[in-house]
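Engineer: Chain residues, written in single-letter form:
Number of protein chains: 2
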Amino acid sequence: MNDAPADLLTVDQALAVLDEAPVRPRVMRVKLQDAEGFRLAAPVVADRDYPPFDKSLMDGYAVRSVDLQAAPTELNVVGEIAAGQSASVSLQPGQAMAIMTGAPMPDGADSVVPVEDSDSAGPNRVRLLATAQAGRFIARRGSDCAAGSVLLEKGTKLEAAQLAVAASIGAAEVDVFARPCVAVLSTGDELVPIDQTPGPAQIRNSNNIMLVALLRRLGCDVTDLGSVNDDPKLIRQSIEKGLQSDILFVSGGMSMGQYDFVPKILIDLGVDLKITKLRIKPGKPFIFGVKGQGARGEGQVYSPLAPCPSPLAPAFVFGLPGNPVSSFVCTLRLCSRLIARMSGWANLDRWISAKLSAPLETNGPREFYQPAVFDGSIVQPLKWKGSADIYTLAMANALIVRPENAPARPAGAEVKILEIPS
Amino acid sequence: MNDAPADLLTVDQALAVLDEAPVRPRVMRVKLQDAEGFRLAAPVVADRDYPPFDKSLMDGYAVRSVDLQAAPTELNVVGEIAAGQSASVSLQPGQAMAIMTGAPMPDGADSVVPVEDSDSAGPNRVRLLATAQAGRFIARRGSDCAAGSVLLEKGTKLEAAQLAVAASIGAAEVDVFARPCVAVLSTGDELVPIDQTPGPAQIRNSNNIMLVALLRRLGCDVTDLGSVNDDPKLIRQSIEKGLQSDILFVSGGMSMGQYDFVPKILIDLGVDLKITKLRIKPGKPFIFGVKGQGARGEGQVYSPLAPCPSPLAPAFVFGLPGNPVSSFVCTLRLCSRLIARMSGWANLDRWISAKLSAPLETNGPREFYQPAVFDGSIVQPLKWKGSADIYTLAMANALIVRPENAPARPAGAEVKILEIPS
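Taken in sequence, the protein lines are chains A and B. Counting from 1, one number per residue, gives the positions in the first sequence under the numbering used here. Counting from 1001, one number per residue, gives the positions in the second sequence under the numbering used here.
Certain hints may be false.
[What the hints assert, rightly or not] Computed list of lysine-lysine pairs in BS3-like fashion (alpha-carbon distance at most 30 Å, straight line): (1) A:385 / B:1154; (2) A:284 / A:416; (3) A:241 / B:1416; (4) A:385 / B:1385; (5) B:1383 / B:1416; (6) B:1291 / A:157; (7) B:1385 / A:154; (8) B:1157 / A:416; (9) A:157 / B:1416; (10) A:157 / B:1284; (11) A:233 / A:274; (12) B:1154 / A:284; (13) A:416 / B:1383; (14) A:154 / B:1264; (15) A:383 / B:1264; (16) A:157 / B:1157; (17) B:1281 / B:1154; (18) B:1274 / B:1284; (19) A:157 / B:1385; (20) A:355 / B:1157; (21) A:383 / B:1154; (22) B:1284 / A:416; (23) B:1233 / B:1157; (24) A:274 / A:264; (25) A:385 / A:416; (26) B:1241 / A:154; (27) A:355 / A:281; (28) B:1264 / A:31; (29) B:1264 / B:1274; (30) B:1264 / A:385; (31) A:281 / A:154; (32) B:1355 / A:355; (33) A:355 / B:1233; (34) B:1274 / B:1291; (35) B:1277 / B:1291; (36) A:277 / A:241.
[As the list claims (entries may be wrong)] Partial chain A-side listing against chain B, Cβ under 7 Å, derived: (37) 102; (38) 157; (39) 214.
These are calculated hints, taken from the structure and not from any lab test. Bear in mind the structure is a predicted one, so any value in this text is a computation, not a measurement. No residue lacks a Cβ here, since even glycine has one placed at the ideal position from N, Cα and C.
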């Protein structure tokens, strides 16, 4: 291991290191239909007033409110305006026009009477059963948003509603932050692929499929490099391949044992290890390194159809513990920060306050992330058997965060939880 | 409109109707690598004990605890066991074996001393600086889970941790519920595609891109049928095409105006309208219909690579209001229930209790879903301008649910919110 001064950082210190990493997100232009799930690299601005005209909010009759100070009142129907059409004439005293929801108000009209409040009174004649107030059932021009106003800020995630906003003002293409390209590698003689039967001292490689899914959920384009045996030459080859990506995730081979080659190989390959150990539970062995200077991807033209961009310095490396729960927690709590910065936004974290269903004991000297089930109000801590207990993690939808040396908490106390994305 | 007795249902009544719809989810077998985001159609069961042997949890020395009742103690090192290997001999009194994290304990050993608590004491000799207790730093065979235990229940969503569990026991293929195949269609003369400049009385079709994104987020395979003008023949053609899917979503053309053809055409095509109006705000015009009898997809062999299965009765239809906020709320609150049932699980809803940042007025006679921002503890109601105000919805990450005729609530009161998926 190297003797980095950053030995045994707290989680907050580690996050500060990640916030200093020389990240510059790539920007790409995509069709709006392909933009789902990306974050805006530039604001979306209204190109004109919306609605662009005074618009009826009801199916009914466009009227002059002065004509309808008493009810019932009969008016002459002088036309009809469907959505997508405009009236060619102005409304005169004593007149009404049939109007559809979404259609532009005719000149002269200042109110709408819903069709439910009307009766026919013969050809081209309507009996209106309600009085009218000026402005009622009308959306004024520009009342949704005025020309030039920022409708979606830079950094906004484009989901259903945001796509509708961008579509409504004709942003048929948008600038978004590209997904980070990441690679996942596991090391260990004990690992066999998931479709093979392990020998008596072997286990299936569950870390890769887990990390691939979690990193996709966090917004990455993921390459699965599989697993390699504890052979320095093979590990080095795979790590060199992984360093072509924006971020390489290596799990296993990270602690003090004599077969743990990864830190040595990283140093050998010119990776500057910024974090080597962490006071987090589960997940003590944890490495973060940077290879090369400058801003990766700076000035690159990026196409969503092209493969991951050719390597420009720097690349980042996370070394994760071999056991899956630790890998999961470290990725969700720490690596997500760098991913967020590379994706052009501040943070993927989502903290929620929740009431404990059961008491919690005093916590030890490491920040602790305890698997739990959150029902929208109450959080139930799950009994788990340590950092190899992926089975309990799989029943959780949240992690209770226990600060270092946190005191015991009674049932009913409020705690901070981190949701597990799904 | 038809005169269905189900006129003006409450939201709960509408949900009850959806819970009665004749749904039978399709099941398909997929490789675990392709199973991300799907829900299990059958439980995942442990094929053997995990761990399958007593396993070291530390890098260090496997010892007999009786040899280490005092510290320091020197022992003869008679071998080493890497992860993936097994010891060929038993540990005798006075002996230790070097052992790696994850490696099987040798016979005779009952404890591990971490490498940090050791010094070399010459060739094949170690000085151990700590005493040992039986069972310490060991995971017992079967302590994670015993052979035959259910690790993932039917209906579990396969995300990172669940995939790791399935991988760990060699479930290289799993039975999952297929995604519902849905089609999205908008109607209206006023609509133009998002890359065209609308005329003075036109608007861009933002409903389709919104519904496509939302329905994908809710777990559907979505076909975008675009928009059609208010022409009964064209609408009928598109609806017939959409009824090839499991669920057709039609937005617009739903209310009482004379250009609202959709309900008539649906009845004409043999669709049984189970819901025609709803007491929900926003979103009053709302249709749910069923075409045909029997369970759609029953007995079908389904391949994830094949297109949507050929039409078997019944197909379902949702008619949504033309304005996007109403469409969004109805889809998230109501249509999601049918999607959930077709995906083989109970409910997509996710309620959270949150404290109001500001008072709320008395609610009217319709259940009301108010766009809001939830920060993990406090929920801030957003001022919005009615059901056409997609701009405010795009700033929200949650909807505050106001029951029918709910009384005013002060700041600080707890309310139920529905998260907007993202």
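Engineer: Does each hint fit the structure? Answer for all of them.
Structural biologist: Going down the list of hints, with the structure as the test:
| no. | hint | in the structure |
| --- | --- | --- |
| 1 | A:385 / B:1154 | holds, 24 Å |
| 2 | A:284 / A:416 | holds, 21 Å |
| 3 | A:241 / B:1416 | violated, 49 Å |
| 4 | A:385 / B:1385 | violated, 52 Å |
| 5 | B:1383 / B:1416 | holds, 18 Å |
| 6 | B:1291 / A:157 | violated, 37 Å |
| 7 | B:1385 / A:154 | holds, 24 Å |
| 8 | B:1157 / A:416 | holds, 24 Å |
| 9 | A:157 / B:1416 | holds, 24 Å |
| 10 | A:157 / B:1284 | holds, 29 Å |
| 11 | A:233 / A:274 | holds, 24 Å |
| 12 | B:1154 / A:284 | violated, 34 Å |
| 13 | A:416 / B:1383 | holds, 29 Å |
| 14 | A:154 / B:1264 | violated, 44 Å |
| 15 | A:383 / B:1264 | violated, 57 Å |
| 16 | A:157 / B:1157 | holds, 24 Å |
| 17 | B:1281 / B:1154 | violated, 35 Å |
| 18 | B:1274 / B:1284 | holds, 15 Å |
| 19 | A:157 / B:1385 | holds, 23 Å |
| 20 | A:355 / B:1157 | holds, 25 Å |
| 21 | A:383 / B:1154 | holds, 22 Å |
| 22 | B:1284 / A:416 | violated, 38 Å |
| 23 | B:1233 / B:1157 | violated, 42 Å |
| 24 | A:274 / A:264 | holds, 14 Å |
| 25 | A:385 / A:416 | holds, 22 Å |
| 26 | B:1241 / A:154 | violated, 39 Å |
| 27 | A:355 / A:281 | holds, 22 Å |
| 28 | B:1264 / A:31 | violated, 36 Å |
| 29 | B:1264 / B:1274 | holds, 14 Å |
| 30 | B:1264 / A:385 | violated, 61 Å |
| 31 | A:281 / A:154 | violated, 35 Å |
| 32 | B:1355 / A:355 | holds, 13 Å |
| 33 | A:355 / B:1233 | violated, 57 Å |
| 34 | B:1274 / B:1291 | holds, 10 Å |
| 35 | B:1277 / B:1291 | holds, 18 Å |
| 36 | A:277 / A:241 | holds, 25 Å |
| 37 | 102 | holds, 6 Å |
| 38 | 157 | holds, 6 Å |
| 39 | 214 | holds, 4 Å |
In the structure shown, a violation is registered for the earlier hints numbered 3, 4, 6, 12, 14, 15, 17, 22, 23, 26, 28, 30, 31, 33, in ascending order.
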